[in-house]
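Those sequence lines, one after another, are chains A, B and C. Note that the numbering used here gives residue 278 to position 232 of the first sequence, counting from 1, and the numbers run on in steps of one. Note that the numbering used here gives residue 123 to position 108 of the second sequence, counting from 1, and the numbers run on in steps of one. Note that the numbering used here gives residue 97 to position 82 of the third sequence, counting from 1, and the numbers run on in steps of one.
A portion of the hints provided could be inaccurate.
Straight-line C-alpha distance at most 30 Å; calculated DSS-like pairs for lysine-lysine [claimed, not checked]:
#, chain 1, residue 1, chain 2, residue 2
1, B, K245, A, K238
2, C, K343, C, K202
3, C, K435, C, K238
4, A, K145, B, K245
5, C, K305, C, K343
6, C, K259, C, K382
Derived by calculation from the structure, the hints in this document are not laboratory data.
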Amino acid sequence: MTVSRARLADWVCCLALIAGAVIMVFPIYWMFATSVRPHAEIFEAVARLLPSSLSWNNFSAVLTRYPVLAWLDNSVIIAVVAVALTVFINLLCGYTFAKFRFPGRNILFFAILGALMVPIQVILVPEFLIVSWLGLLNTHLGVILPRAAEAFGIFMVRQFMVSIPDELMEAARLDGAGEFAIFFRIVLPLSKPIIAVLVIFTFMWRWNDFAWPLVALTNQDMFTVPLGLNLLRGEVNPDWGNVMALALLSLLPMLAIFLAFQRYLVQGIASTGLR
Amino acid sequence: MRSRSIPSLPRRRAARHAYATRFPLRRRSLVPYVFIAPNITLFAAFSFLPLVYAIYISFHDWTLIGEPEFIGIHNYLRLVHDPLFWRALTNTLLYAVGTVPTSMAIGLLLALGLNRRMPARAFLRSLYFLPLVVSAVATGTIAAWMFNDNYGVLNAIIVRLGGPRVPWLSSPFWALPSLILTTLWVRVGFCMVVYLAALQSIPQMYYEAARIDGAAALTQFRHVTLPLLKPATFLLLVLSIIYSFHVFDLIYVMTGGGPGFSTTMLVQYIFRAAFVTGEMGYASAVGIALYAMILLFTILQWRASRQAENVM
Amino acid sequence: MRHRYHMGRRGILGAGLALGTTHAWLAHAQSPVALTLSVWGAQAEQDAFNALVSRYQSLHPNVTIRLEVNGNSMQLYQLVDTRLAGRQAPDMFRIQYQQVGRYAGARAVVDLTPHLEQGYGSQFGPAFWQAVTYQGRQYALPHHTDTFALYYNVDFLRNIGVEMPTSLDHSLSWDEFIRVARQLKQKGDAPYAFAMAWQNSAAYRWLPFLYQHGGQLLDAELKQPQLASAKGVETIAWTQSWFKEGLVPPSTSVKSGEQTQNLFANGTIAMLLGGDWQIPFLQQNMAKYKWDVTYMPRDVAMASDLGGNCLAVSRDSKHPEIAADFLKFVVNEDNMRAFVTSAQFLPVRTALMRQQLDYALRPDAMKVYVEQAATIPDHLVRTVTMPNFSKINAATADELDLAFTSDQAPATTAQNLDAKIRAVLGG
Numbered sequence: 047m048t049v050s051r052a053r054l055a056d057w058v059c060c061l062a063l064i065a066g067a068v069i070m071v072f073p074i075y076w077m078f079a080t081s082v083r084p085h086a087e088i089f090e091a092v093a094r095l096l097p098s099s100l101s102w103n104n105f106s107a108v109l110t111r112y113p114v115l116a117w118l119d120n121s122v123i124i125a126v127v128a129v130a131l132t133v134f135i136n137l138l139c140g141y142t143f144a145k146f147r148f149p150g151r152n153i154l155f156f157a158i159l160g161a162l163m164v165p166i167q168v169i170l171v172p173e174f175l176i177v178s179w180l181g182l183l184n185t186h187l188g189v190i191l192p193r194a195a196e197a198f199g200i201f202m203v204r205q206f207m208v209s210i211p212d213e214l215m216e217a218a219r220l221d222g223a224g225e226f227a228i229f230f231r232i233v234l235p236l237s238k239p240i241i242a243v244l245v246i247f248t249f250m251w252r253w254n255d256f257a258w259p260l261v262a263l264t265n266q267d268m269f270t271v272p273l274g275l276n277l278l279r280g281e282v283n284p285d286w287g288n289v290m291a292l293a294l295l296s297l298l299p300m301l302a303i304f305l306a307f308q309r310y311l312v313q314g315i316a317s318t319g320l321r
Numbered sequence: 016m017r018s019r020s021i022p023s024l025p026r027r028r029a030a031r032h033a034y035a036t037r038f039p040l041r042r043r044s045l046v047p048y049v050f051i052a053p054n055i056t057l058f059a060a061f062s063f064l065p066l067v068y069a070i071y072i073s074f075h076d077w078t079l080i081g082e083p084e085f086i087g088i089h090n091y092l093r094l095v096h097d098p099l100f101w102r103a104l105t106n107t108l109l110y111a112v113g114t115v116p117t118s119m120a121i122g123l124l125l126a127l128g129l130n131r132r133m134p135a136r137a138f139l140r141s142l143y144f145l146p147l148v149v150s151a152v153a154t155g156t157i158a159a160w161m162f163n164d165n166y167g168v169l170n171a172i173i174v175r176l177g178g179p180r181v182p183w184l185s186s187p188f189w190a191l192p193s194l195i196l197t198t199l200w201v202r203v204g205f206c207m208v209v210y211l212a213a214l215q216s217i218p219q220m221y222y223e224a225a226r227i228d229g230a231a232a233l234t235q236f237r238h239v240t241l242p243l244l245k246p247a248t249f250l251l252l253v254l255s256i257i258y259s260f261h262v263f264d265l266i267y268v269m270t271g272g273g274p275g276f277s278t279t280m281l282v283q284y285i286f287r288a289a290f291v292t293g294e295m296g297y298a299s300a301v302g303i304a305l306y307a308m309i310l311l312f313t314i315l316q317w318r319a320s321r322q323a324e325n326v327m
Numbered sequence: 016m017r018h019r020y021h022m023g024r025r026g027i028l029g030a031g032l033a034l035g036t037t038h039a040w041l042a043h044a045q046s047p048v049a050l051t052l053s054v055w056g057a058q059a060e061q062d063a064f065n066a067l068v069s070r071y072q073s074l075h076p077n078v079t080i081r082l083e084v085n086g087n088s089m090q091l092y093q094l095v096d097t098r099l100a101g102r103q104a105p106d107m108f109r110i111q112y113q114q115v116g117r118y119a120g121a122r123a124v125v126d127l128t129p130h131l132e133q134g135y136g137s138q139f140g141p142a143f144w145q146a147v148t149y150q151g152r153q154y155a156l157p158h159h160t161d162t163f164a165l166y167y168n169v170d171f172l173r174n175i176g177v178e179m180p181t182s183l184d185h186s187l188s189w190d191e192f193i194r195v196a197r198q199l200k201q202k203g204d205a206p207y208a209f210a211m212a213w214q215n216s217a218a219y220r221w222l223p224f225l226y227q228h229g230g231q232l233l234d235a236e237l238k239q240p241q242l243a244s245a246k247g248v249e250t251i252a253w254t255q256s257w258f259k260e261g262l263v264p265p266s267t268s269v270k271s272g273e274q275t276q277n278l279f280a281n282g283t284i285a286m287l288l289g290g291d292w293q294i295p296f297l298q299q300n301m302a303k304y305k306w307d308v309t310y311m312p313r314d315v316a317m318a319s320d321l322g323g324n325c326l327a328v329s330r331d332s333k334h335p336e337i338a339a340d341f342l343k344f345v346v347n348e349d350n351m352r353a354f355v356t357s358a359q360f361l362p363v364r365t366a367l368m369r370q371q372l373d374y375a376l377r378p379d380a381m382k383v384y385v386e387q388a389a390t391i392p393d394h395l396v397r398t399v400t401m402p403n404f405s406k407i408n409a410a411t412a413d414e415l416d417l418a419f420t421s422d423q424a425p426a427t428t429a430q431n432l433d434a435k436i437r438a439v440l441g442g
């Protein structure tokens, strides 16, 4: 057992991790490389790892041919409103399940967890009928509301809140604080890590949602970015340079959110009862 | 009550437990119901109601564009004798077996590796998590592009290295492995983050104690780390299995369920019955069967994990 | 400007009175009407539709029509079916002739007969008129057709010293076609000899080969399948041999999503059995090679595919009479000519079918398609326009895909498919 052997193991491990990271990044690089390649190079059977020259035509083409800015706009509105709504009501709900006892609690909790497991394809058509009956087709709300009660979020919040000491709430109650005040002034400030986790995951899910918006949004100007991407991809003669350019554009906002919140991600998940 | 003055963590927890059972927060008020009302309302309107409707439809013959016709349990009888249903179920299980343990194992290895002190650790972690921010449609699109037989970059590299062209997405043998590889690309980052979180919440004192006892690194891993990773493993197992039973967008984009039926999963089969062959009632019956299976699976897992904990 | 619109509206009112249309129509003609038209198609088709919409809107200032473009026909059907279930379908949508029966049978589209004058149907080619007729009533208006022929890479064919036929009478026989394909493969300019554009489950495009061989999918009364016969099994075996011999790329089976026009444009395949609507794409993207078109191969008979689309009014439309009026406008002689010549399709009005049309691109190639269209068998038209054909098509795609990708024996394939078709026809 020498120091050098441990060192060597360290190096091997480090190199393996770097090699793995290269594999992880490569598809995204390839997206980029395809989108900036000169048009004639795209279908060449001998794929060049580096494009022979950079051409930004695909980005300008995709922005002028399709209402991409409207799509981005819709995606942002839907994701932001959905995140705000979902995170808020999930926190309330998870807190309640963690800290209150009331008749029907267990049944309701398991019913909500059961909802987590319904594949959206199974309820796609009934969901469509309900949303169309509410007059919410082709609206942002029509996409947001059906997925707002996120069972996974409630589950995570509950796990987190269980470890908040009851004494804090009890003390506030003795001081005469109302339940909403307790939630806002005591529980929320303690919940930052779990809020970060919920924000990242909810944003990710809503930003990337496909099956439900595909049915609920039929007007092209109301499309979200994944729907637009599916439209381009499914065209009779898809222009792969354009498709890749849009795919790349579609992941930039998500990347920004991720970079902003990633510091809290591990810490947040760690605080949800994984110990 | 006196125990509250003692600072040790486990003792404090035990005290809190005792306190909670002796003085449950049994408030007569409507507060808890008000707090869960928004969620319950949304859940009832957009999950429960559609599910009930799907069950209702599963007893009908409905083309979606015509009028539903009641046919009793015929759809469920048909399901039992439908070879394609069993094929889709087998495919789904194969996919789950191919993705769940592998992504969790790789994720654990990555978490162990990236939990050590090393240069650019945070940056490497971000890179592994990166695929999760790519939507399934975008992932499927780029993957189909890279796996393409004729102008995909993977075959180009293989051919340049002197290997034969692999019919990735066009042979029934390779299509599922291609999908599994793509899924791993997406999933390992998630597993890694969850395991990292779990590793970081293991108190250092356990390792110190183990080291004092003279335990080697491997022994430490087996007797300290692994047992304490159980909750994380359980969470990942449940989520990954649900995910692999739900997988749709990726396959819709990459193979559409083919070649033949080699990548037709249950959800694909539901989609196909509903929108391609105009059998909404049958699609609902398959959907209800799938839902029942997922539910059963999760309950079994949950009970197994509880039993395991009780034994410890 | 405003003044001219008023004139236009009065002109329409006059026309409406002259035709003796109903009172309701007049009421609508005055109040603003918003309609949606859902289609799919390549850029040239979208442009052509947009031109039609703006022309109609300038004639009828009170009507606004929104064009919804879907990526492809599968996406459109999924969307329209779901919206029909929620009574929210677009007012008008494009459908393939193969799907008319499905929508008409479920009364999901409006019976257009009351909106058509006496003898209106006689202006259209009989096969197409028959394709939009269900139980004696019309549920759609024929818009255009297309068919299949054989694109080839002029450079690659020259390198093996083969001259392609220049008249329909001399079209390649099956044996000649395979001989050319083998030569192309051996010479190795392209990794594969050819491909057939039947991807995304367009399995009905396999049927022309069956008819070329003297077979048919159903009996004369369309009551019983008859694929499990010598002709049927041999045709399956022949098309399967393309894959077994490696003449076509393995990725070009029926259920794959491969874009065969890309393979042709970049020289991966030397020949493409494909439709006329690919001409704009090839003109734009096949810079490296010269291409030309010859006729479909033939065996004991000639046959090609019934392609193309018609337009229908959905049952959810609140203004079916105006929607019907718009559809009649779209398929009138001038507009049909404008549409097919700019988007490279074939007309379905007899007057236009007889004329030599002035195509925007490659009129020489379009001539081949026009001639080839005459070989579409009548029985094939009747088969693919049956109300249940979409189910038969799905089953055909499944079974052929198993034969092409998973080595399912031709006889088994034929028997399985016959059984599935029998179930569809019986139920």
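Problem set entry | Hints the structure fails to honour | 2, 5, 6
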